[in-house]
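Protein chains in written order, with my numbering: chain A, 1 to 78; chain B, 1 to 219.
Read the hints as simulated data drawn from the structure, not as lab findings. Hints are not guaranteed to be accurate.
As the list claims (entries may be wrong) - So the derived label-pair ranges between C-beta atoms look like this: (1) N83/B / R61/A: 24 to 32 Å; (2) E21/A / E184/B: 22 to 30 Å; (3) L27/B / R61/A: 26 to 34 Å; (4) E49/B / A22/A: 49 to 57 Å; (5) E28/B / R61/A: 19 to 27 Å.
What the hints assert, rightly or not - Residues from chain A that keep clear of chain B, each with C-beta distances beyond 10 Å, as calculated: (6) G17; (7) L19; (8) S20; (9) E21; (10) A22; (11) Q23; (12) A24; (13) A25; (14) E26; (15) R28; (16) E29; (17) L31; (18) R32.
Even for Gly, the Cβ is constructed at its ideal location relative to N, Cα and C.
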Amino acid sequence: MFTCKDSIHSLLEYVDGELSEAQAAELREHLRACPPCVDFLQSYKATPKLARRALVDDMPRELAGKLKAFLRTKLSSK
Amino acid sequence: MTDRRVPLTTDGSAGTVRTPAMSDAALEDRALLDRAQAGDMEGFEALVERHEDRLYGLALRMTRSEADAAEVVQDTFLAAYQNLKNFRGEAAFGSWVHRIAANNALMRLRHQRVVDAVTEELRAPEFTERGSLAEVPEVDWSRRADEKVLDEELGRAIRQGTDALPQGYREVFLLKDVEGLSYEEISEMMGISVPAVKSRLHRARLALREEIDAFYKEV
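Okay, chain A solo, but in the shape it has when bound (with noise of 0.2 Å):
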């Protein structure tokens, strides 16, 4: 029987398209049965989208400076 921690396991898989047709099959089976899962998808989904917006650092202005400097002195004696 195909169960959540089933459909969990392939959600990557899926998420890329990388399924067999059987096994995709299988798993939107699951999901037209367990509102639990659908919302573990989309959650599951939803991640990466969350991440990329928090993840942004933006270099401290005073680091900045400092790198620019560098490279100015490192290039020009080149």
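The hints should help you fit chain B onto chain A, whose structure is shown.
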């Protein structure tokens, strides 16, 4: 132990040919690159300014050290400048320097690699004996990913969750889901098989999903 990772190409030849449909940003990069390749230092400095924040963000998340991140960015732009003449422009400049930075960060971290020892620390969903989800998701937060403004507290939780991932999992997650590298590129850079890359990515996503879910349960 032998380090199987291979140095990243510095001529941009591994990237995608995007000439027919380059974005405005890529076209501006291309113009600046032409100037830099002709010896115009200001052109190169403008490229540095355009890409330093994202490179720093990547390096900081990978190394978890401001000092290391600063050095990764510095080394990356030095390497880029030294290889400007060889850069054929088949890849976008941004993709090219991001790959150099990712490789620099990986090389810097290679002696700290302790992936296998910490696998059990990854958070993951729990199941009943019959294989059903032990906990039903209480809040559907998936739509938050499309909202214009990202909640500051959520952003902090995601950064902490990412930083808490074991190194090899964090690297794969950042390179694939944040930087957009292919499985094959990551496999080559990290010296692990494509199935291993996919396995780590899946477990990293599950762990981070758990962190975000926990955040929404608390608010």
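We went through each hint and held it up to the structure:
no.	hint	result
1	N83/B / R61/A: 24 to 32 Å	holds (27 Å)
2	E21/A / E184/B: 22 to 30 Å	holds (24 Å)
3	L27/B / R61/A: 26 to 34 Å	holds (27 Å)
4	E49/B / A22/A: 49 to 57 Å	holds (52 Å)
5	E28/B / R61/A: 19 to 27 Å	holds (22 Å)
6	G17	holds (13 Å)
7	L19	holds (13 Å)
8	S20	holds (16 Å)
9	E21	holds (20 Å)
10	A22	holds (19 Å)
11	Q23	holds (15 Å)
12	A24	holds (17 Å)
13	A25	holds (19 Å)
14	E26	holds (14 Å)
15	R28	holds (17 Å)
16	E29	holds (15 Å)
17	L31	holds (13 Å)
18	R32	holds (16 Å)
Checked against the numbered hints listed earlier, the structure breaks none of them; every hint is satisfied.
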